[in-house]
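Peer 1: Now for the letters of each chain:
4 protein chains.
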Amino acid sequence: MHKNRLEAFSDGVLAIAITIMVLELKAPSHGSSFNDLSGLLPNFGAYVLSFLYIGIYWNNHHHMLHTVKHVGAGMLWHNLHLLFWLSLFPVSTAWAGHHPDQPVPVAVYGFVLAMAGLAYFLLQQSIIAHQGKNSLLAEAVGSDWKGKLCVVLYFAAVLLAFVEPWFSNAIYLGVALLWVVPDRRIERTLGRHQNE
Amino acid sequence: MHKNRLEAFSDGVLAIAITIMVLELKAPSHGSSFNDLSGLLPNFGAYVLSFLYIGIYWNNHHHMLHTVKHVGAGMLWHNLHLLFWLSLFPVSTAWAGHHPDQPVPVAVYGFVLAMAGLAYFLLQQSIIAHQGKNSLLAEAVGSDWKGKLCVVLYFAAVLLAFVEPWFSNAIYLGVALLWVVPDRRIERTLGRHQNE
Amino acid sequence: MHKNRLEAFSDGVLAIAITIMVLELKAPSHGSSFNDLSGLLPNFGAYVLSFLYIGIYWNNHHHMLHTVKHVGAGMLWHNLHLLFWLSLFPVSTAWAGHHPDQPVPVAVYGFVLAMAGLAYFLLQQSIIAHQGKNSLLAEAVGSDWKGKLCVVLYFAAVLLAFVEPWFSNAIYLGVALLWVVPDRRIERTLGRHQNE
Amino acid sequence: MHKNRLEAFSDGVLAIAITIMVLELKAPSHGSSFNDLSGLLPNFGAYVLSFLYIGIYWNNHHHMLHTVKHVGAGMLWHNLHLLFWLSLFPVSTAWAGHHPDQPVPVAVYGFVLAMAGLAYFLLQQSIIAHQGKNSLLAEAVGSDWKGKLCVVLYFAAVLLAFVEPWFSNAIYLGVALLWVVPDRRIERTLGRHQNE
Chain L
1 MHKNRLEAFS DGVLAIAITI MVLELKAPSH GSSFNDLSGL LPNFGAYVLS FLYIGIYWNN
61 HHHMLHTVKH VGAGMLWHNL HLLFWLSLFP VSTAWAGHHP DQPVPVAVYG FVLAMAGLAY
121 FLLQQSIIAH QGKNSLLAEA VGSDWKGKLC VVLYFAAVLL AFVEPWFSNA IYLGVALLWV
181 VPDRRIERTL GRHQNE
Chain H
1 MHKNRLEAFS DGVLAIAITI MVLELKAPSH GSSFNDLSGL LPNFGAYVLS FLYIGIYWNN
61 HHHMLHTVKH VGAGMLWHNL HLLFWLSLFP VSTAWAGHHP DQPVPVAVYG FVLAMAGLAY
121 FLLQQSIIAH QGKNSLLAEA VGSDWKGKLC VVLYFAAVLL AFVEPWFSNA IYLGVALLWV
181 VPDRRIERTL GRHQNE
Chain D
1 MHKNRLEAFS DGVLAIAITI MVLELKAPSH GSSFNDLSGL LPNFGAYVLS FLYIGIYWNN
61 HHHMLHTVKH VGAGMLWHNL HLLFWLSLFP VSTAWAGHHP DQPVPVAVYG FVLAMAGLAY
121 FLLQQSIIAH QGKNSLLAEA VGSDWKGKLC VVLYFAAVLL AFVEPWFSNA IYLGVALLWV
181 VPDRRIERTL GRHQNE
Chain F
1 MHKNRLEAFS DGVLAIAITI MVLELKAPSH GSSFNDLSGL LPNFGAYVLS FLYIGIYWNN
61 HHHMLHTVKH VGAGMLWHNL HLLFWLSLFP VSTAWAGHHP DQPVPVAVYG FVLAMAGLAY
121 FLLQQSIIAH QGKNSLLAEA VGSDWKGKLC VVLYFAAVLL AFVEPWFSNA IYLGVALLWV
181 VPDRRIERTL GRHQNE
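Residue numbers (our numbering), protein chains in the order written: chain L, 1 to 196; chain H, 1 to 196; chain D, 1 to 196; chain F, 1 to 196.
These are calculated hints, taken from the structure and not from any lab test. Don't take every hint at face value.
Unchecked claim - Straight-line distance between alpha carbons at most 30 Å, and here's what the computed DSS-like set of lysine-lysine pairs gives:
id	chain 1	residue 1	chain 2	residue 2
1	H	Lys-3	L	Lys-3
2	D	Lys-148	D	Lys-26
3	F	Lys-26	F	Lys-69
4	L	Lys-146	F	Lys-133
5	L	Lys-3	F	Lys-148
6	H	Lys-3	L	Lys-69
7	D	Lys-26	D	Lys-3
8	D	Lys-148	H	Lys-69
9	D	Lys-148	D	Lys-69
The whole structure should be built from the sequences, with the hints applied where relevant.
Peer 2: Shown next as structure tokens:
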């Protein structure tokens with residue numbers, strides 16, 4: 001099985017998820033003032049955050065698959081599992097965007113983030129298991145404290161949402177910014193190997 | 001005609017179908033409690049099931065086209081026929097998700113599954129007819145009791161929905177799980193041929 | 001400029017148009033009986049027809065681009081013009097599906113068909129102009145009485161809709177069936193050239 | 001990193017944005033007269049304009065990436081930034097289409113155009129910075145007075161919307177027409193180099 005079609009399908013799902021999220025940003029059809037616009041602000045903020053997250057996933061997914069040559073059945077299901085949680089971003093974003101100060105929507109948003117993070121981690125492990133411990137990806141990722149820490153932070157934010165939802169929102173934003181700095185580990189390891 | 005564009009178009013339709021289904025999972029815009037969330041549970045269950053089915057179709061479609069070299073006009077129409085029934089998943093999923101205990105929506109869900117299964121079977125037969133009886137796909141699929149059985153089970157579930165909708169739902173889930181175990185027949189036959 | 005990206009973009013727009021049309025087939029969220037289902041029948045019929053048309057366009061577009069090597073700026077705009085009219089299918093389908101017996105929605109449906117047919121014809125002419133009169137496509141298409149006739153029929157149906165909308169609907173269906181028989185002209189001409 | 005996947009993802013997002021915009025053109029489900037249709041006219045006009053803009057962006061993006069060989073991390077984020085603003089087209093189009101004579105929606109439409117223009121300019125600069133001042137793109141673009149002027153015009157239109165929204169709408173249309181004439185600078189420079 002070629003990885004091209006896996007990449008194309010994943011790109012398709014991500015491109016659609018990132019684009020249909022905007023359908024939840026409903027233009028106020030009966031109002032045309034600044035007030036009507038400012039009512040959209042929390043939804044807009046949630047949209048920006050989720051756009052960033054899907055952009056990050058697309059970017060990292062891209063780097064990770066760069067190291068893959070052969071696609072096994074397990075990897076295929078792990079990838080679908082990741083896409084499942086990412087496909088829920090539009091609905092969790094819409095709900096949290098409507099109620100950014102309410103525990104349940106904010107916790108649900110974090111839960112979807114946490115499960116997507118976990119699914120990404122499992123996909124990564126399944127690729128490493130397939131390639132062997134000395135593979136490029138295994139070396140680049142190392143113990144992957146960054147990936148693990150994020151999943152822990154998401155789950156912590158889910159619990160924190162019942163204390164103060166804005167703490168959770170701050171964590172979601174903070175983790176996103178942590179990843180905007182692109183994951184140079186794979187590029188760096190690749191570079192090292194080419195120099196040897 | 002190249003198969004690349006057929007694959008790309010099919011992947012596109014499947015990626016979109018799998019993603020827009022989530023638009024029917026409407027975030028409760030006026031509520032923000034666990035109760036509002038639990039009202040979405042049947043829809044969420046239907047979403048998971050249909051996501052699984054489209055994932056399975058994508059996976060199997062992928063394997064099947066792997067054996068194809070030349071795309072004829074008949075195959076193209078059979079493929080479009082399959083995409084037609086798969087494109088109805090979002091609407092049948094939304095209806096059955098709203099009424100998982102009602103005969104008609106559950107029967108309609110099963111009917112769409114059955115027709116998609118039938119369309120897949122016809123596509124497969126048209127490829128085999130094109131490649132000849134001794135082709136790789138013909139050998140891998142054999143008498144395809146699994147594909148035929150599933151279509152029969154779907155139609156049985158359509159009828160059963162008028163007795164007890166939950167029996168039908170159990171069949172839909174059971175058949176899906178039967179397919180999550182990936183269809184190794186093609187891979188196995190391919191492997192055998194390479195070893196000879 | 002490579003034709004790959006033109007094909008990919010066109011396939012993307014067609015795959016999305018064909019899939020989001022289904023969003024207009026709204027599952028009746030408050031009813032779960034056969035009656036609720038039968039209320040969807042006209043919309044379903046319109047959906048099937050438009051699905052067929054987009055499938056036909058995808059198929060023919062595919063064959064036509066097969067003969068193209070270099071993509072000029074004019075061709076690019078003609079292609080975008082075609083995609084514009086095809087992108088209106090979901091909205092014209094939804095309106096005609098709600099009112100299959102009313103002159104204006106049925107006429108609008110036909111107008112969109114006619115303009116798409118015209119845009120396809122113009123795209124074809126721009127490719128022939130680019131390739132020269134002795135090109136493969138010019139020979140395969142000939143005077144293209146079929147394409148021209150269809151555009152005339154669509155415009156006739158637009159006018160007829162104000163006499164009897166069902167006459168127009170019959171024309172839309174009839175022309176679609178005329179095209180389901182795939183356009184073998186390009187394949188045949190190609191085959192002849194390879195045999196020489 | 002290959003540019004193919006960047007192109008594919010961008011094409012996906014643009015194809016979806018251009019297609020889902022049509023979902024905001026809601027078919028009047030309870031009316032079937034010319035009056036119901038004419039009520040859609042402002043929305044239709046906004047749709048045509050935004051379709052044109054996304055077509056222009058797709059076209060120019062295509063030409064620009066033609067000159068790129070290696071994709072760096074910065075370029076990737078600049079590209080995502082551009083896609084972000086383009087993804088807002090459906091919502092800004094829907095709002096301005098509902099209220100083409102109101103200052104705030106018309107200004108918001110222009111603001112999204114301006115930010116997309118700015119993001120495109122930044123992406124272009126990041127490519128030139130990566131390729132060096134003597135690169136093909138740098139030479140083709142020159143001081144890019146056209147790109148800069150448009151961003152200035154968009155921002156001017158944003159302010160003008162509070163004086164007379166129709167002035168702004170005229171600017172949006174005028175700038176679009178300025179770009180429909182395809183940007184031949186890259187093609188011309190390419191041609192010159194091949195002749196040397």
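Peer 1: State for each hint whether it applies.
Peer 2: Here is how each hint holds up against the structure:
The hinted pair formed by H/Lys-3 and L/Lys-3 meets the criterion: a straight-line CA distance of about 16 Å does not exceed 30 Å. Of the supplied pair hints, the one linking D/Lys-148 and D/Lys-26 is violated, its CA atoms being roughly 36 Å apart against a limit of 30 Å. For the hint pairing F/Lys-26 with F/Lys-69, the CA-to-CA distance comes to about 42 Å; that exceeds 30 Å, so the pair is violated. At most 30 Å may separate the alpha-carbon atoms for a hinted pair to count; L/Lys-146 and F/Lys-133 exceed this at roughly 38 Å.
For the proposed pair L/Lys-3 and F/Lys-148, the alpha carbon gap of about 41 Å is over 30 Å, so the pair is violated. For the given pair, H/Lys-3 sits about 21 Å from L/Lys-69 by alpha-carbon distance, which is consistent with the 30 Å threshold. Only pairs whose Cα atoms come within 30 Å are accepted, and D/Lys-26 paired with D/Lys-3 is rejected, the gap being roughly 37 Å. A threshold of 30 Å between alpha carbons decides the hint, and for D/Lys-148 with H/Lys-69 the separation of about 34 Å lies outside it, so the pair is violated.
Taking the CA atoms of D/Lys-148 and D/Lys-69, the gap is about 25 Å. The hint holds against a cut of 30 Å.
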